[in-house]
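From first to last, the protein sequence lines stand for chains A and B.
Position in the first sequence (first residue = 1) + 872 = this note's numbering.
Position in the second sequence (first residue = 1) + 117 = this note's numbering.
Because the hints were derived from the structure by calculation, they are not lab data.
For each residue, glycine too, the CB sits at the ideal point set by N, CA and C.
Every clue listed holds true.
The list that follows gives simulated cross-link-like pairs (lysine-lysine, DSBU-like), each with its CA atoms no further than 35 Å apart:
1) A:Lys963 with A:Lys1027
2) A:Lys963 with B:Lys157
3) A:Lys957 with B:Lys157
4) B:Lys157 with A:Lys961
Heads up, incomplete: computed chain A residues facing chain B, CB under 7 Å, no partners named:
5) Ala927
6) Leu947
7) Phe955
8) Glu1013
9) Ala1015
10) Leu1073
11) Glu1074
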Amino acid sequence: MQTPVSTACCNELPIASRPINNCGAMSAQIDEPTDQRLIESTLGGDDEAFAMLVARHKRKVFGIAARFARNDAELQDICQEIFVKAYQKLKSFRGEAPFEHWVSRIAVRSCYDFLRATRHDRENVPLDGIELGTQPSGNAEHARELLQWAMARLKDDERLVITLLEFEERSVRETAALTGWSESNVKVRAFRARQALKKILETSHER
Amino acid sequence: MNDEQLNQLFQAARGARPETSRAEYGFETRLLAALREIRKQPTPWATLAWRLMPGFAAIVVVTGAWSYNVQSQMGAEASLGAGDEAAFAGLLGGE
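This is chain A alone, in the form it adopts within the complex (with noise of 0.2 Å):
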């Protein structure tokens, strides 16, 4: 036999440990807590009610991160501080636009410091097993290696505007939104890197 919740008693659990069913009411409606509600919660010392929270937006997190992690343990290595980084900034988020949009900018900053940071590395990545052919007759995956490939050798700035504009379909007030630069900063970012891209590409396809 179950035993009735009181109202009382759901209040003082944690937001996460509430029932679901707004503590036993007759609403068919799935209470879901809101971010704000989550971001309070987590504010207010509850572990749990940032677990919910990451849970909701890891995915968008992780498809930012994946475009410039080159394997499992970096992407989650990425994610981990991104996720670290707003739990540390969360006093500062003024619900102004979407907790998504804040956190996404979080992300799109810490991929950019990660390029730098493994800079070296990436420009001496082979380029075994791909080739060079450019048609779209191609398959999405192979595109996707002689891209990746051809991106390793841009400058940080030039891999990360092409990435939000070309890969993940950003608008340019969007990337400049994300990055902080100015609208046509970004658009010359963007030029000078399709011009590198298309250099690059041209060249090695000469070999």
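Based on these hints, arrange chain B on the given structure of chain A.
This is chain B only, laid out in the frame that chain A set:
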């Protein structure tokens, strides 16, 4: 290579979404463990110094203001009053 070819290459590459589900598995548990470890570590000196910076800045401002005040008071005491100045001028003039 022209722009069109490059766009076609990007178009093809966009079809390959990076697979992250393996790395995502159990991520929250590892993250919370890492946060607990970070919280256990003592606050580094550099962080502590930055936190105390407003206090230091306030001390500098108060000390500067006090020093300026004291100096201006001493300057006022050392300078001659209007009457003293006339008497001194008369003395020099042989009166």
